Structures are given as C-alpha cells and as structure tokens.
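Visitor: Position chain B against the provided structure of chain A, taking the given hints into account.
2 protein chains.
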Amino acid sequence: MEDTLIIGTVALDTIETPFGRVERALGGSATYASFAASFFSKPALVSVIGHDFPKEYIKLLKGRGISLEGVKIEDKTFHWEGFYEYDMNEAKTRKTELNSLENFKVKVPERHKSIKYIFLANIDPEQQHETLRQMRKPELVVLDTMNFWISSKKDQLIEVIKKADILLLNDGEARQLFGTSSLVKAANGALKLGPNAVIIKKGEHGALMFTKNKHFSAPGYPLENIKDPTGCGDSFGGAFIGYLAKTKDLSEQNFRKAVVYGSVVASHNAEEFGPDRLKKLSMSDIEKRYKEFQDIREF
Amino acid sequence: MEDTLIIGTVALDTIETPFGRVERALGGSATYASFAASFFSKPALVSVIGHDFPKEYIKLLKGRGISLEGVKIEDKTFHWEGFYEYDMNEAKTRKTELNSLENFKVKVPERHKSIKYIFLANIDPEQQHETLRQMRKPELVVLDTMNFWISSKKDQLIEVIKKADILLLNDGEARQLFGTSSLVKAANGALKLGPNAVIIKKGEHGALMFTKNKHFSAPGYPLENIKDPTGCGDSFGGAFIGYLAKTKDLSEQNFRKAVVYGSVVASHNAEEFGPDRLKKLSMSDIEKRYKEFQDIREF
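Residue numbers (my numbering), protein chains in the order written: chain A, 25 to 323; chain B, 25 to 323.
Incorrect hints may appear among the rest.
As the list claims (entries may be wrong) - Below are the DSS-like pairs computed for lysine-lysine, each with C-alpha atoms no more than 25 angstroms apart in a straight line: (1) A:K209 with B:K238; (2) B:K209 with A:K312; (3) A:K270 with A:K238.
Simulated from the structure, these hints should not be mistaken for lab results.
The model shown is predicted, which means the values in this text are computed figures rather than measured ones.
Next comes chain A alone, as it looks inside the complex (with noise of 0.2 angstroms):
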C-alpha cells in the first residue's frame, strides 16, 4: 500500500551544464521527489503529464513502485529549458512550456487520501493548499517551494506554510522570503508561522534543519564531479520524507537521519544527469555514503 503522497510536477527537461547537454530527460519536482522517496517508501505520484510523455519514463516510475493512479494525461508535457553555469549553483531558465500544467487542478485519487505522509513538492502553492484539502487526516506535512512562487504567490504560500509541520528552503529563498541575511533569523521567521521544523539546503554546503530550540548542520558530500544539479532539492525532500515513511518515527532526532539520507540521495543525483544516477542506484550505495557522512563530520 502506498504510504508517502508527493504531489508536484512531472516534466521534461532540457538542461546544459558545462559538463554536457540533455534533451527532455525525464524531470519535474515530483518526479525526482517519487524516485528518491521509493528507495525507501511506496510513494503515490499526484501530477500531470500530457500525451507526448515517453513510455519508457512510465515504466521507469512504475519500476520504482511509484503509483501514476493520480496523474492525469491532458495536452502536453510541461517542459523546462535551462543551464548552469561554472559555479552550477543556480539554474538559469530559458524556456517553459507549461503545458497541461497551465490549467492543473490537482486530484487525489479517493484511495490515497488517507495517507499519513505527505511531501508538497515544488508547484503553485494554490494547488499544494488544494492538496491539503483533500487528505484526511496527515500526520506529516513536508513543503518545498522555489523563488518563482515567493515572487509571485507569496500570500498563498504563506498560507500552505502555516499548514506545514515541515518546510524545506534553499539558502537564497529562504533570504528572500523572510528579508533577511540572516539563515537563523529566516529560520526564526519561519517557525513563528507555524511549522516544527525548517531545513534550508545549501546544496555543496550542506543542510541545516531548525526546530524550536535546536539546531542541525548536516554537511555537504565533497563530490569531485558534479555534472548536473537538476532535481537534487526534490531528491533531497524525497528521501526524507520517504525514510520518515518508511521509520514512523517523527523525534527531531529521527529528522537528523531523514536530513542525512535525503542529502546522501541528493549528492548521488548530482553526479550524473537529470535522473541517470537514480536509476542506477542501489540501497547499498546509499547506506555506504550515510557512513561517510558520519565519518566526515566526526571529531
């Protein structure tokens, strides 16, 4: 039975890196969000897609045990076209098609409205809060979001944190919503409204996760080669909410190992393009690097 509900979008990329090109790769927020999710829970997909999606991408999800019951088939595929340059930090869009994802309402097929975990993955907050709606009775809220959203939807944003026990950040949105330089006084700003705890992602940096009177700083892996960052926040909110699915277990110290794994799926993610990595990787990889983690950070 699926036990993790990740709704979000499902595209097709087309990304430049200095280190090479692909065209409409399998990609979206949720996508990522499912992939990394299934290496530890049964995720159930919410999103859309149009007629023109690859077969082969269905089967590649479905591999994973990851249910397509909520994702509806209208139009086109959504699909983003964008590049990194040098310092791979920030992705800078040249194209989106929204596609069937202009008009999306979200629909929670009736039989996963009672799953207990839920990861709102990067969307228009309109229709994470929708989301919300329809679940019976979550016992986990996870929210991502991006700086398009603070920009432009920033009230209803506002009101999907207030619902959230969880909010995930990056280092620069989290800066820009709270108008501040300050990550502490961002993080501060962000429990007030309502949630137990605010991880901000820092990609090579690391993570840092902040509940009422404790904080966390999970290192960033050193990764030699990073050939593409796509995907790797999205990867990073899978895993986690996926290892909280899969352990029950919501003690701030539970988050730490949720916050660990979710960055050792992420640093994998990064070493080859769009989801290469994750299709390849295997739980045993994934428990090696969880011990490098620890090994790094010891003194």
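Guide: Showing chain B alone in chain A's frame:
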C-alpha cells in the same frame, strides 16, 4: 616560553558593515591570529607597526601574553579601510595605506628561531618564505594567504605552499588558485604541491579539511547576528595552530579538533566589531561553543 611563531600584518582598520562603523580599530592578520592563539599557547608575533600605533593596543596584546619582541616600529602603521555589503561574505577595500609594511623585511628574534609551531598568516609570500629561511627546525608550518597574493605573486606563493604542512584558503581563493569550480579538485591540487592537509574556510558554511585519503567537514555555527567578519579567517588560523601547539598532537584526528576550535573562535569574532569580542572571550565561552559544535552535527 613562546611556542607559536606568528608572522603577518598588524594594522589599523577602518571598517563599515550594515551594522556600524569603526575607525582605526586594532587589526591585521597577525594580530587576530596571535589573539586567537593566545587562548591556547604562547605566541611570538613578528610584524611591523608605525610610531602612530596606539599604546593601548600594545598593552592589550601584551596582556594576552603575546611577545612583541619581533615587531619593528617604523614610519606609520599599515591602514586598511574597507566595507561589507548586505551578504557580509566579502570585504571590499576602499583604501590601503601600506606605510611601514611597504618595505618590511621580516627579522625573527634570535631566541624565537627555535619555535616549532609556525603560522605564516596573510602577508607577502616573499616575507613568509623568508621567515621559514630564518627558522631552525619547524615541526609544523601553517600557511594562509589571500586573493591579492594569488593574483599578484602566484609563483612566489606556490613556492611557500611547497614548504607548508597545512594550507589554509577560503573557498573563493581555492577555486581561483587551482582554476576549478570543484573544491575537491582544488584540494587535490594543493595536496600535490606538498602540504599534508588543506583546510578550506567557507565562512558561515563551515570548513573542510582534506588530507591524503580523508576529508573532514566542520559545521558553520549558525550566528543570529554577524556584525563584522573582519579577522575571522585569521582568528581561525590562530586558534587552529594554538591548539596544536598546546596539545602537540599532529594526528589527523587532532587536526579535526583544531579545526573546530578555529571555527569556535572565528564564530565568536564575527559577533562584534574588530577584535572587540575576542577581548572579552573566555576559555569557558570557547569550551561551551565547542560542545555546541558537537551537538549540532550529531545524528
């Protein structure tokens, strides 16, 4: 007896940040480094000041048990004027008056030439090199530098790196010096030149240490208020070598502890202008925050 030799600059700093301004505050790489080292060991400072150097600053340094025997007095004191913008990550220089630093030739006092622990804090690499020539039998040479020397005296800098045991750089400098966006590649490039360890300082993101087959990631301390980052890198280096001079243990494991002590002192230093925080810092403040560094990285 002095057990840590520190060569670098002593300056008067005029600093502006979004949180205030100070004029002709006590500054310079060797000043911050000696101050930080003095919590752990007995530093001998080698540098030059001018006749305008305030008596109270002399008193302050001597009060910390720092030997000023190797400090020449000539002309006017080196004066740096700079500012930080909102993100506080990079100092911008408004004015540099080298004054007595312009023709400075290092001269290590006879009785300090046998000191075993040497910190070549940020100064002209030719003077760093000359210092090593004057020393009898160093056991540990720690080297710091800055982007200015990487641009203007790269060859001379490389020569000193070849003689150093531990190289300190910030992340931007590491990328600049080794022409790569990957910190792992930059670190490997540095290790090939000779040092046994390379420490990459990342400001609020912590520090990375690379040795032949291992890496260590020290967390950044999440400061709510950063008032002035001037001297943080120098304080890091000073506390780092001071701790090693005190413990006389040059294992990779003890380097890790030294990195954390460096981070602890540097994080305190950013909390007030110039060296104001260091002036009031106690060993129990340091131990308390060291304990926090352990807690924030536990999972």
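Visitor: Evaluate each hint against the coordinates.
Guide: Structure-based check of each hint:
1. A:K209 with B:K238: Measuring from Cα to Cα gives roughly 34 angstroms; hence the hint is violated.
2. B:K209 with A:K312: holds (22 angstroms)
3. A:K270 with A:K238: Holds, at roughly 24 angstroms.
Checked against the numbered hints given earlier, the structure breaks only hint 1 and satisfies all the rest.
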